[in-house]
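J.: Keeping the supplied structure of chain V fixed, place chain L upon it in accordance with the hints.
Those protein sequence lines, which keep their order, are chains V and L. Reminder that position 81 of the first sequence reads as 81 in our numbering, one-by-one numbering, no gaps. Reminder that position 250 of the second sequence reads as 250 in our numbering, one-by-one numbering, no gaps.
Derived by calculation from the structure, the hints in this document are not laboratory data. Just to be clear, a hint being listed does not mean it is correct.
Interface residues of chain L toward chain V, partial, derived using beta-carbon atoms under 8 Å [to be verified]:
1. M174
2. A238
3. P241
4. G254
5. E257
6. L261
7. E272
8. C273
9. D293
10. T295
11. G299
12. L350
Note that the Cβ used here is the ideal one computed from N, Cα and C, for glycine as well.
Protein chains: 2
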Amino acid sequence: MITASSTDPLLLRVARGEQAERTPVWLMRQAGRYMADFRKFSDTIPFRERSETASIAIELSLQPWNAFQPDGVIMFSDILTPLPALGIEFDVIKGKGPRIDAPIRDMDAVRRLNPMEDPALKLPFVGETLRTLRQEVDGQATLLGFIGTPWTLAAYTIEGKAERNCRATKTMMMKQPQILHALLGHLTHALADYVVYQIDSGAQVVQLFDSWAHHLSPDQFEEFSLPYAEKVMESVRARRPGVPLIFHANGGAGKHELLKLSTADVIGLDWECSMKNARAVIGSDRTLQGNVDPTVLFGDEKVITAAVEKCLKEAGPRRHILNVGHGVIEGTPEESVGIFCDLARKSASLFQTA
Amino acid sequence: MITASSTDPLLLRVARGEQAERTPVWLMRQAGRYMADFRKFSDTIPFRERSETASIAIELSLQPWNAFQPDGVIMFSDILTPLPALGIEFDVIKGKGPRIDAPIRDMDAVRRLNPMEDPALKLPFVGETLRTLRQEVDGQATLLGFIGTPWTLAAYTIEGKAERNCRATKTMMMKQPQILHALLGHLTHALADYVVYQIDSGAQVVQLFDSWAHHLSPDQFEEFSLPYAEKVMESVRARRPGVPLIFHANGGAGKHELLKLSTADVIGLDWECSMKNARAVIGSDRTLQGNVDPTVLFGDEKVITAAVEKCLKEAGPRRHILNVGHGVIEGTPEESVGIFCDLARKSASLFQTA
Numbered sequence: 001m002i003t004a005s006s007t008d009p010l011l012l013r014v015a016r017g018e019q020a021e022r023t024p025v026w027l028m029r030q031a032g033r034y035m036a037d038f039r040k041f042s043d044t045i046p047f048r049e050r051s052e053t054a055s056i057a058i059e060l061s062l063q064p065w066n067a068f069q070p071d072g073v074i075m076f077s078d079i080l081t082p083l084p085a086l087g088i089e090f091d092v093i094k095g096k097g098p099r100i101d102a103p104i105r106d107m108d109a110v111r112r113l114n115p116m117e118d119p120a121l122k123l124p125f126v127g128e129t130l131r132t133l134r135q136e137v138d139g140q141a142t143l144l145g146f147i148g149t150p151w152t153l154a155a156y157t158i159e160g161k162a163e164r165n166c167r168a169t170k171t172m173m174m175k176q177p178q179i180l181h182a183l184l185g186h187l188t189h190a191l192a193d194y195v196v197y198q199i200d201s202g203a204q205v206v207q208l209f210d211s212w213a214h215h216l217s218p219d220q221f222e223e224f225s226l227p228y229a230e231k232v233m234e235s236v237r238a239r240r241p242g243v244p245l246i247f248h249a250n251g252g253a254g255k256h257e258l259l260k261l262s263t264a265d266v267i268g269l270d271w272e273c274s275m276k277n278a279r280a281v282i283g284s285d286r287t288l289q290g291n292v293d294p295t296v297l298f299g300d301e302k303v304i305t306a307a308v309e310k311c312l313k314e315a316g317p318r319r320h321i322l323n324v325g326h327g328v329i330e331g332t333p334e335e336s337v338g339i340f341c342d343l344a345r346k347s348a349s350l351f352q353t354a
Numbered sequence: 001m002i003t004a005s006s007t008d009p010l011l012l013r014v015a016r017g018e019q020a021e022r023t024p025v026w027l028m029r030q031a032g033r034y035m036a037d038f039r040k041f042s043d044t045i046p047f048r049e050r051s052e053t054a055s056i057a058i059e060l061s062l063q064p065w066n067a068f069q070p071d072g073v074i075m076f077s078d079i080l081t082p083l084p085a086l087g088i089e090f091d092v093i094k095g096k097g098p099r100i101d102a103p104i105r106d107m108d109a110v111r112r113l114n115p116m117e118d119p120a121l122k123l124p125f126v127g128e129t130l131r132t133l134r135q136e137v138d139g140q141a142t143l144l145g146f147i148g149t150p151w152t153l154a155a156y157t158i159e160g161k162a163e164r165n166c167r168a169t170k171t172m173m174m175k176q177p178q179i180l181h182a183l184l185g186h187l188t189h190a191l192a193d194y195v196v197y198q199i200d201s202g203a204q205v206v207q208l209f210d211s212w213a214h215h216l217s218p219d220q221f222e223e224f225s226l227p228y229a230e231k232v233m234e235s236v237r238a239r240r241p242g243v244p245l246i247f248h249a250n251g252g253a254g255k256h257e258l259l260k261l262s263t264a265d266v267i268g269l270d271w272e273c274s275m276k277n278a279r280a281v282i283g284s285d286r287t288l289q290g291n292v293d294p295t296v297l298f299g300d301e302k303v304i305t306a307a308v309e310k311c312l313k314e315a316g317p318r319r320h321i322l323n324v325g326h327g328v329i330e331g332t333p334e335e336s337v338g339i340f341c342d343l344a345r346k347s348a349s350l351f352q353t354a
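So that you can see chain V by itself, here it is in the shape it has in the complex (with noise of 0.2 Å):
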């Protein structure tokens, strides 16, 4: 039997490539509206409320930690929570999502965009939320921050909502690609440095969501969302070392190959893949996290049972971090999630050799 190499909580030393004596597990939105102790917050309090401000952010992340005890906690948050300290005002209109009032469409609106500079001024609720949550968890799972990529947040602030087909942008990264690098550029130098300030806030892992990979093909993926996600990487670990970095793509089916070049330190998967496949391509020197279908969640303990093993199974007893491939959704049996983090503290016994 393994035992812990450390004090370091088990997601962190497997996120750090560290044998460990089982799988550890989370859930993207781990919080959110299939919970009905999240809903009695969400039906009330305004989005941008709820996720800016400490008090509440802080209840809505350990929600699912008393929950359900998962081996990370994420902060409660929204990848465009730090436009706004970059003069990007967004609101979320419930049923429809986020809207931004003045979308990014020219050079002069990049030129005008203000740098990140000090986090800890604009942004000081996600600092508050992050130094008491690791007080809270007080060591007994992860804590992980989180950003948009540089891409993914371009696309949104180019869009201004959810776009079936990203037409604005992708118009933009045939006719004026220019605008787009200038773009991305100027988010990942503030998304480097809200990172870093996630880390000093408390922060023991984080994620980067290429949320909108999927309108990429495997060449504009690695043109526009690949590199400067590796810049924000490279200088997160120039000045913050030893903080394993998540690389999560959805769309990422159809970009292993590129993925395998990410120097993330975990790649995670989207469902529309077979962990199989992704273990043979991208290496069994990678921690991979993911990648069951949240659907599955509607079925009962045989189903779930029966994907979550197939999963763990297909990635194999080390350097693996149990996830969801997207998103829990709304209308999830609660219990559900119980039973699939429970699955991950079992996951020991699926290894054992006779």
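T.: Chain L in isolation, oriented as in the chain V frame:
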């Protein structure tokens, strides 16, 4: 220089796997709102009327043929068109997409479905459209018919409308898979009859659109989509041998190993994978179709040429049908479609050795 091996049109010969004088081309959603001539109809005639009136469907099918002379002419129709023949009524709401009045949600509803029986009686406009198109095109291009796959039509009829997570269908899959399998079985028989009718009416190649395959993990695709599509193809081949069948799955990037197992003559690729990887996994002995990102058509001739030539080179001089990886997007300049088709006509020069 290779010359035509028979009097059959180019695309048909390449779909069969024959060596040919150049790469053929057509575009998905070839007739559509990107064309001003199309909008004259779509702005005034309701969706079902224009897809179920032979004279209009013929006119719309021929618009891109007259404008761009692609190597394939696909009948203007919809994947939902056969559903009313089975007792499933639908309408298409402008700007919102299809709506099915009574979604199929239980075993009784599946049992009440009609068999296809005689498509010539129930869907005579499809036969008339194909017969006329075959005459009009007169061997200068290949006439394509199409269907939605059993999975895609099952998901549509269970959801009743586009739903982000396909939640009703996936819940049924997790909780009552026997109902889903019964519905898939019913659709499989009906669709095989419908394909045979399309062939008898003049279709020289038939494409199976698995438009909602992105809602399936590879395991789910292997259980709920691929085997039913295979049964359709097997039934068609037994009755009308020698007609090439194309299988196109949206969200196929993580499913190439499974697509390789398909017996389809042609595998259609979406644009979220690289043609190079698809060719490596699926092999050089299968005709591949695709897979240029349709947003490339918003770029200038240089941008379009670079993307198309990369695709052509990665696919190789044999067994490739040039296409976009997803339907042409509204707002696409018409001249871009012309440039796209011209590049296929010049494709032989790419492969000439000094």
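J.: Quick check on the hint: T295(L) CB to chain V CB, less than 8 Å?
T.: Nearest chain V Cβ about 4 Å off; hint holds.
J.: L261(L) was flagged as interface toward chain V. Is the shortest Cβ-Cβ separation under 8 Å?
T.: Violated. Min distance 14 Å.
J.: Answer holds if the nearest beta-carbon of chain V is closer than 8 Å to that of G254(L); otherwise answer violated.
T.: Holds, because the Cβ-Cβ distance from G254(L) to chain V comes to roughly 3 Å (cut-off 8 Å).
J.: Hey, does the M174(L) contact hint survive, CB to chain V under 8 Å?
T.: Hint on M174(L): holds, closest Cβ of chain V at ~3 Å, below 8 Å.
J.: With a cut-off of 8 Å on the beta carbons, see whether D293(L) makes it to chain V.
T.: Holds, because the Cβ-Cβ distance from D293(L) to chain V comes to roughly 5 Å (cut-off 8 Å).
J.: Measuring from the C-beta of C273(L) to each C-beta in chain V, is the shortest one below 8 Å?
T.: 4 Å, holds
J.: Grab the minimum C-beta distance from E272(L) to chain V and call the hint holds if it beats 8 Å, violated otherwise.
T.: Holds: closest Cβ of chain V sits about 4 Å from E272(L), inside 8 Å.
J.: Under the criterion of a CB-CB separation shorter than 8 Å, is E257(L) in contact with chain V as hinted?
T.: This hint holds: E257(L) lies near chain V, its Cβ roughly 7 Å from the closest one there, short of 8 Å.
J.: So, P241(L) near chain V? Judge it on the closest CB pair being under 8 Å.
T.: Because about 34 Å separates P241(L) from the closest Cβ in chain V, which is outside the 8 Å limit, the hint is violated.
J.: Closer than 8 Å between Cβ atoms is the bar; does A238(L) clear it against chain V? Give me holds or violated.
T.: At 32 Å from the nearest chain V Cβ, A238(L) fails the 8 Å test, so the hint is violated.
J.: Please verify that hint: G299(L), Cβ, nearest Cβ of chain V, below 8 Å or not.
T.: 3 Å, holds
J.: For the hint on L350(L), just tell me whether its beta-carbon gets within less than 8 Å of chain V.
T.: 18 Å, violated
Checked against the numbered hints given earlier, this structure breaks hints 2, 3, 6 and 12; the rest are met.
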